[in-house]
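S.K.: In order, the protein sequences belong to chains A and B.
Here the first sequence is numbered in the numbering used here, starting from 1 and rising by one per residue.
Here the second sequence is numbered in the numbering used here, starting from 1001 and rising by one per residue.
Keep in mind that the hints were calculated from the coordinates and are not lab data.
Certain hints may be false.
Derived DSBU-like pairs (lysine-lysine); straight-line CA-CA distance at most 30 Å [said to hold, decoys possible]: (1) B:K1058 to A:K1; (2) A:K13 to A:K57; (3) A:K57 to B:K1022.
With the C-beta cut set under 7 Å, the calculated list includes, among others, these residues of chain A facing chain B [claimed, not checked]: (4) G42; (5) L43; (6) N56; (7) Y103.
Please read these numbers as outputs of a predicted model, since none were measured by experiment.
Ideal Cβ positions, reconstructed from N, Cα and C, are used throughout, including at glycine.
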Amino acid sequence: KAGVTQTPRYLIKTRGQQVTLSCSPISGHRSVSWYQQTPGQGLQFLFEYFSETQRNKGNFPGRFSGRQFSNSRSEMNVSTLELGDSALYLCASSPYLGSGSSYNEQFFGPGTRLTVL
Amino acid sequence: AQSVAQPEDQVNVAEGNPLTVKCTYSVSGNPYLFWYVQYPNRGLQFLLKYITGDNLVKGSYGFEAEFNKSQTSFHLKKPSALVSDSALYFCAVRDSNYGQNFVFGPGTRLSVLP
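Please model the complete structure; the sequences and the hints are all you need to start from.
M.R.: Structure representation (C-alpha cells):
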C-alpha cells in the first residue's frame, strides 16, 4: 500500500499570501489530521477530519482552515501568511472507523516545508 | 485536558548500552499511548502503542515500552542501542473519551555514540 503523500514538499511564500497544502491518505483510511511542527513549539495539532467533517480543531487562528473530500483526500489552507507560519506541516491518516474513540495509530506523510519570507 | 511531558530534551547513550526515553502523561479518561520516531527531513514513524492489557508493549526495531498507571508514565526502552537509533522520539497520548485528539510531547533527541 502506498503511504501518505503530501504535495508540495517545499514551498516558499511571502507575507500576506495564501497557501494550500494537499494530503492523500493511505487507501481506505478515512481519518486525516494535520499538524504544525516547529523547533520552538514542537508538534501542534491543527485539525482532524473524518468523512468530510471536521472532528476536532486545535488552537489556531481562523487563518488556518481545512477540508476533506469524499475520497478522503484533504487540503489545508493558510491565508494572510505571517513569518511565524514557517514550519513543517504534517498530515497523518488513520483507519478510524467512525464510532467511539480511536485507538488506531496515525501514519504520517513526509510533510510540506513552508517558508514565509 | 490532556498533556504529555518528555522531561529530557536530549539523551546520549553508548552503542550497545540499554536506552530509556521517558514520558509522562495526563488525561481525564483512560489513555491510549503511542511512541513515534522521526528521522531528519522525514515524517513520524509509528513504533508502538498501549491500549489495554499487558503493561509491557513490544514494537518495531526492538523497542518496547512499559505502561505504569500509578506513575502515569510510558517510558520507551531498548536493551541494546544502535547508532542508527539516533533520531527524535515523540510520545503521544489520546484520551479514550470520545472526541479527543492526539497530543504529542515535545520530543527527545536520542544520540547513540559509537
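S.K.: All hints are to be evaluated individually against the structure, with a verdict given for each.
M.R.: Structure-based check of each hint:
This hinted pair checks out: K1058 (chain B) and K1 (chain A) have alpha carbons roughly 24 Å apart, not beyond 30 Å. Taking the CA atoms of K13 (chain A) and K57 (chain A), the gap is about 25 Å. The hint holds against a cut of 30 Å. Simply put, K57 (chain A) and K1022 (chain B) have alpha-carbon atoms about 28 Å apart, close enough for the 30 Å limit, and the pair holds. Satisfaction of the interface hint for G42 (chain A) is found here, the shortest Cβ-Cβ separation to chain B being roughly 4 Å, below the 7 Å cut-off.
Given hint, L43 (chain A) at the interface with chain B, holds; its Cβ is 4 Å from that chain's nearest Cβ, closer than 7 Å. Among the interface hints, the one on N56 (chain A) holds; its C-beta lies about 4 Å from the nearest C-beta in chain B, closer than the 7 Å criterion. Taking 7 Å as the C-beta contact cut-off toward chain B, the hint placing Y103 (chain A) at the interface holds, the least distance being around 5 Å.
Every hint from the earlier list agrees with this structure, and none is contradicted.
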